[in-house]
Amino acid sequence: MDSSPQGNSAVQNTMNATYDSQATDLQAASNSVQNHPATQSTKESLSNGPMAEKVKDQSTKTSSDLQGLKDSRTAPQQSTSTGQPLTHYHSFFYNLLSWEHPRATAISFVASVLFIFACRYLPALRWAFKVLYLTLGATALAEVAGKLALSQGLASSFRPKRYYTIPRETLEASLEDVEQLINFFVIEFQRVLFAENVNVTIAACTAAFLSYWLIKIVPFWGLSLIGTSLAYLGPLVYINNKELIDTHLANASEVVNSQASQVKDMANYHTNRASSSVKQYAGDYTSKAQGYIGSARGSSQSPQMASSKPAGASAPASGAGSAPGLSSQDFPHAPKQEPVDGTTSHQEQYENSRFGGQAVPAS
23 MDSSPQGNSA
33 VQNTMNATYD
43 SQATDLQAAS
53 NSVQNHPATQ
63 STKESLSNGP
73 MAEKVKDQST
83 KTSSDLQGLK
93 DSRTAPQQST
103 STGQPLTHYH
113 SFFYNLLSWE
123 HPRATAISFV
133 ASVLFIFACR
143 YLPALRWAFK
153 VLYLTLGATA
163 LAEVAGKLAL
173 SQGLASSFRP
183 KRYYTIPRET
193 LEASLEDVEQ
203 LINFFVIEFQ
213 RVLFAENVNV
223 TIAACTAAFL
233 SYWLIKIVPF
243 WGLSLIGTSL
253 AYLGPLVYIN
263 NKELIDTHLA
273 NASEVVNSQA
283 SQVKDMANYH
293 TNRASSSVKQ
303 YAGDYTSKAQ
313 GYIGSARGSS
323 QSPQMASSKP
333 AGASAPASGA
343 GSAPGLSSQD
353 FPHAPKQEPV
363 DGTTSHQEQY
373 ENSRFGGQAV
383 PAS
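Per the working numbering, the sequence shown starts with residue 23, numbered consecutively.
Hint data in this document are derived by calculation from the structure and do not stem from the laboratory. On a predicted model such as this, the values are computed, not experimentally measured, just so you know. Just so it is clear, CB atoms sit at the ideal spot from N, CA and C, and this is done for glycine as well. Honestly, I wouldn't trust all of these hints.
Simulated crosslink set (BS3-like; lysine-lysine; CA at most 30 Å straight-line) [what the hints assert, rightly or not]:
1) Lys264 with Lys83
2) Lys92 with Lys78
3) Lys183 with Lys169
4) Lys92 with Lys301
5) Lys310 with Lys286
6) Lys152 with Lys183
7) Lys169 with Lys152
8) Lys92 with Lys76
The calculated label-pair distances, taken between Cβ atoms and stated as ranges, are [to be verified]:
9) Lys286 with Gln312: 33 to 41 Å
10) Ser85 with Lys286: 44 to 52 Å
11) Thr223 with Lys152: 21 to 29 Å
12) Ala272 with Pro107: 27 to 35 Å
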């Protein structure tokens, strides 16, 4: 009975000694590996080698580009054609899309593309609702279980003494920043709409026209991806091939100007020719109109001369070489007696002298 505890103690001591020796051996092996020249060389190459230096250099440059892009949010000196000042987002987006800070622009481009693909292929809204209902359900369950088991809710025990609120300064700064961002888009839309820069207006018109037709065959996320790629990669292609593109643009401008001058000269030639033809036709029609007016005046005077002739001369004949069909009874007889004294009216004189004192005219 007494040997059993001693035996167990001896076994325990043996096991402890074995563990200690193994731990010592492992520690010695670890130290030997760490102190081995190959290990030291590898560690030195990883921490201070070319790869590490390159990683550190790129990390420093990336941080510098991000800080430079952040510091570029200053209001530019130039203004619009109406004299209004521009927002600090004009400088920000110009520096972003002109690749003045290439690492920051590349990070922004990759983040935008990933966001578009995430909206397309990841049910982010469903996940948000899932996280929300799981969080609220766990909180409610912990509160109810705590009140039943401990007479005190678990969720309410973690409740802060004062709820968090957004400081007024932070809120005002955020609202001011949002205001600047909204005004940036509003100002730029009006500058494009009213052709402050006609080249930009033409480019926007072309983009809208292509989008109108592409939206019929390309989904919205695809159209967003195309627009984002053009917005980021277009300036990069132009910057890397500036001389070549400027040369081709200058040649195209010369061709367009020469064609425009030819069209202008041709238009002036045809305009002058049409003007001379119109003047010639106007002169011809004026002379003809004056002739018509003169002939109309002559014809208007001839009826007046014809109406001044005697009525008998213009009476139509009843037949060829025949006299008018009139008799002596159609005309009154001339008086054959002298006027009677005391007669005052012409009618009385006519009655007294009618037919020469006869009842009927002499045959």
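Problem set entry | Hint numbers contradicted by this structure | Violated hints (numbers, rising): 4, 5, 10 and 11; every other hint is consistent with the structure.
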